[in-house]
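Dock chain to chain to rebuild the complex, using the hints, since each chain is given by itself in its own frame.
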Amino acid sequence: MGIRLKNVGWKFLMILFLILFSFPIIPLIITSFSAGWRWPEILPDQFSLRAWNYVFSPYAGTWEAIGNSIFIAITVTFVNILLCLPAANVIARMNFKGKILIEGILYAPLIIPPFITVMGIHLTFIYLGFTESLIGVMIAHIAPTLPYMLRALIISYQTIGLQWEEQASMLGAGKFNRLRFILLPHILPGIVAGSSLTILVSLSQYLITFLIGGGHVVTLPIILFPFISGGDIGIGSAYMIIFSGLALLSLWTMNTLLKRYYKARITFIG
Amino acid sequence: MGELVIHRVEKKYLNHNGNPSKNPSFQLYPMNLSIQEGEFFGIIGPSGCGKTTFLKCIAGLILPDSGNVLLGKKNLTYVPPEKRPFSMVFQQPLLFPHLKVIDNVSFGLKMQGINKKVRFDKAKDMLQAVGLSGYELRHPYELSGGQQQRVSLARAIIMNPKVLFLDEPFSALDPDLRQEMRELVKQLHQTFKVTVLMVTHDREEAFQLADRLAIMHEGKLLQVGTPKNCYEKPDHIKVAQFLGSKNMIEGVVSKNKFIGKYFEVSLGYNLMNKTKGWLIIRPELFKRMCPNDLNQTVNNVHIQSFTGRIKEVSYRSGFVHYKVDIKGQSLYVIETNQSDLPLVNDQVTLQLNIKKLHFIPQ
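Going down the list, the sequences are from chains G and Z. Heads up: the first sequence is residues 103 to 372, going by our numbering. Heads up: the second sequence is residues 8 to 369, going by our numbering.
It should be emphasised that the hints constitute simulated quantities derived from the structure, not laboratory data. Predicted model only: the values in this text are computed from it and were never measured. Don't take every hint at face value.
[Stated by the list, open to error] Straight-line Cα separation of at most 25 Å, PhoX-like style, residue types lysine-lysine; simulated pairs:
id : chain 1 : residue 1 : chain 2 : residue 2
1  : G       : 277       : Z       : 123
2  : Z       : 334       : Z       : 283
3  : Z       : 90        : G       : 277
[Said to hold, decoys possible] Covered by chain Z, per the in silico footprint, the following chain G stretches (three or more residues, Cβ under 8 Å):
id : region
4  : 258-271
5  : 281-292
Backbone N, C-alpha and C fix where the C-beta goes; we use that ideal spot for every residue, glycine too.
Only chain Z is shown next, with the shape it has when bound in the complex (with noise of 0.2 Å):
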């Protein structure tokens, strides 16, 4: 069927307070996207980006001011979200209570005009698929949260849709069942083959599952490209921050050289003079020395080496995170722990590869 390519797509929602046209409550920036055919695209932003409400624009079920929604060569713009290809799984499970868990998954299937006995066998099949095997007669409520979202999660891929939305599924879910979850989801995505565009706020969900990730902020999308490439290269301070950069030092650029207030660093690769913007450095690239390999020196030009004074040291589960004060400048660092803590205000010698460092220019 071709890919779902999304095409300045743009949503405003007016302030009824006030003059309307100096100030939106909120508004959705003209967005272009594509996806491709058996992709898992990623949306993530902070809660109140717009990315639910992006979601909903590209599933019909909001109709944006202007752009189009494209699938293949076909425009469903001004499809209804009935008339899509499309299934979704909303952030609760929103199963009709009135209806037994097989009515429910099957309920698509009897829009669509499809024989009762066709439908059930379809979906108990699909029940299979979710592990919910000998629930058909059951009522909703009689499951719990987590079983409640399979069912839910059954009844839009029975659907054979063209591409699944799934908008925050597992936030309600405690975490060992979130997680029980996205192998599940993956596991599907592998078996229907079926295109996925998942909107998330959470980082690790998004990592773990997305092919690709789009990194929305205040109705924009900032950045789109594979999780390693959004984390690694972040084209914006607000990329950076939200995926959870520790280290971002703002400065500028002098002869190739990168000078913060406290921190002054060689970069590996030419850029502008006097362009200001702000240095990533990820907190895995450091290396601890020991007090042994001081003495050794480094033939590579690209190691540089920086001596400070551990402040917080705190283990989490065979990484050790600590934190280095450097000449005023504070450093977060993370390391697989291999023996012994690093001790506060041990004296430390650190050091960092510059061509891993990354700028992103104001």
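Same shape as in the complex, but just chain G (with noise of 0.2 Å):
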């Protein structure tokens, strides 16, 4: 009886949670298929497919933004475990004078704005030529990923002593074999969890790609912007929920692949 109700319980409970996420993105969908939708009316009077053939339309530029968008968060995430791999390895492991400082200034972007350090840095790129560029938006976006992926690393790396590389150079390892076949499989997973949150910050960049980008880096925060803001509704809802869609692929995405490597090994005991 006990039982029954706990899951009678469990049930209710995941239920109620479904309702409380998908409440928001029903008049979501709703919206973007409907040709106006006013008060008093509960449900829209006209439904038309018009936000979506806009949407998906030649001169819309979603594919190309979707592709941009794809491109910057891939692109971000491999130069920040190539950043991250060496710091983290050093902040986790080794002790050394002005480790906590190095630390807080690698984590400020969590705590200061990351649109002040592009504020900062956007006279510099107007010198060096990077703004208004697909190579200077992607500088821009490491400010606010990197500490992410960062703390995903140092914690992973944590958990590995120098005794197992001591071990394998023993064993005739070399530094770059040591990286392969034991340094990178034990920290896969913390690097697909810093990814997963890189990509996702990345992704909902609005006022840097704005500034850096300067408008000719058009992502999917950028032209979805113009239309929550005053525009469109029905076209800003099927950006919303394209929007939405990518992120949530791309987590599931991640989230499998640390299913399915979990599955080939186990943790790390003796």
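The following block contains the structure:
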């Protein structure tokens, strides 16, 4: 009886959560298919594919924006991995003077709005010719995303002592082989977690992209924003759905990768 | 390939708080050691004496501040550890958890670029040598601690190293298993004719396995020699202490006589007058006299007799350990148990061959 009640309670909670989470999405879907939805109508009078037609029309540039968003997010992720692997290694497993200071600087974007950093480097970027270019936007996206990757990798590195690499080098593994066969397999979950966060944070950047890209680098938030702030709500809703789908898809992909990884191997014991 | 020579290897660990030159946290004093090909060499010392650091300096995992490591005529001091012909088994098995047993054992061969079939065949042979045939496809977490350490041994020996380092490899195992592993290591040493350098804090282990020993204390090598020599003729009081000497009496030598606070005995050999130091009497040197024998006169001038009272008696699997109080000096005696145990407070006469006494000058 107790178990049954518990099950019922659990199911009830799950349903409640599903309703709460899906509630904001329902009006989004309805709006995106409506031809105007005014008060006091409970459901819109007319449905139309106008918004979706526009979104996928050649002149809307949606595909380009999706492509740019994904390309920027993935590149930023790779750059972050390359930057954070050595940094996290040193911070997690070694002691040196000024370690706290360096950690503080690297984590700073979590506390100080990245916008401030980007305002600062804007001038330099103009001087270097990085503004209004994909490269500039990618570099700018590193500021808000790096701390997440770093945090995830530091935690991964903290769980592997130096003795595993000592053992590997006694077996003839050089630096590269130690990284490839010993370190990477161990910290892969951390890399996946850091990558998920990097992708999500990069996908949702608006202000930084706008500032550095100057409107020339079109990502999903860039074309989405004008529609939801006073533009066409129907088209804005359609874009919102695409945006959420993209974020969900990337999370799901990462999650699947992790699960597959954990099935193939088990945790570090002794 | 020749002997392994360690020439004046030195390492300092600086204390970050305060003046480093005045207050080094830990120091390995210049070390000289040479290990013959095929030898089983043991380094023993209490924990924290620097033996693992010393081992890592030889292996190349720690770069010494100065000194050289030579193998035959080759100088290995600046060769990275992965390029040295050495293998190591650590205190923990350190099997790579994401690799199966066979991949773990053949890891070193893979690093040498040997093809899969050859290395798997070798790994299978090696697993058989350590008694783990049939475990090839298991993951490390499916093995017990002892089995993991066996795999670790197999993984080290498969490399056919010129020197195999063992860094307290059995200290994490329970006593029965430890004994089993010691026998396995001894057997592998003979089968594969590998030079072994073992670090341990376990006297019994060192005495059982090693051909020669080095005793380390606070970053210094105090004595190098055969186990028998180190035990019977320690050069240093710390060596005697660490090797478990029971009777260490502080005193001074005067006219070939050792004079302690409560205890005096003639010495069987000449020493400078007024030398201060310690007299070491191994507890098994004493011979307890039966009351019947007491009337027989002793002809040997080297035999001296002492009479005292028995204090504590304990029986330990075939041996009797007891303390005898001789005019205020407590002496520890070990003898094989023949019939009845000696009784506390009994009067006892002990004979001692003074030629076998050992004196450590201060």
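Going down the list of hints, with the structure as the test:
Distance restraint check for residue 277 (chain G) and residue 123 (chain Z): the Cα-Cα separation of roughly 22 Å lies within the 25 Å cut-off, and the hinted pair is therefore satisfied. A threshold of 25 Å between alpha carbons decides the hint, and for residue 334 (chain Z) with residue 283 (chain Z) the separation of about 21 Å falls inside it, so the pair holds. Simply put, residue 90 (chain Z) and residue 277 (chain G) have alpha-carbon atoms about 11 Å apart, close enough for the 25 Å limit, and the pair holds. Evaluation of the coverage hint for the region 258-271 of chain G: fulfilled, as 6 residues show C-beta separations to chain Z shorter than 8 Å, against a requirement of three.
Only when three residues or more bring their CB closer than 8 Å to a CB of chain Z does the claim for the region 281-292 of chain G stand; here the count is 4, and the claim holds.
The structure agrees with every numbered hint stated previously.
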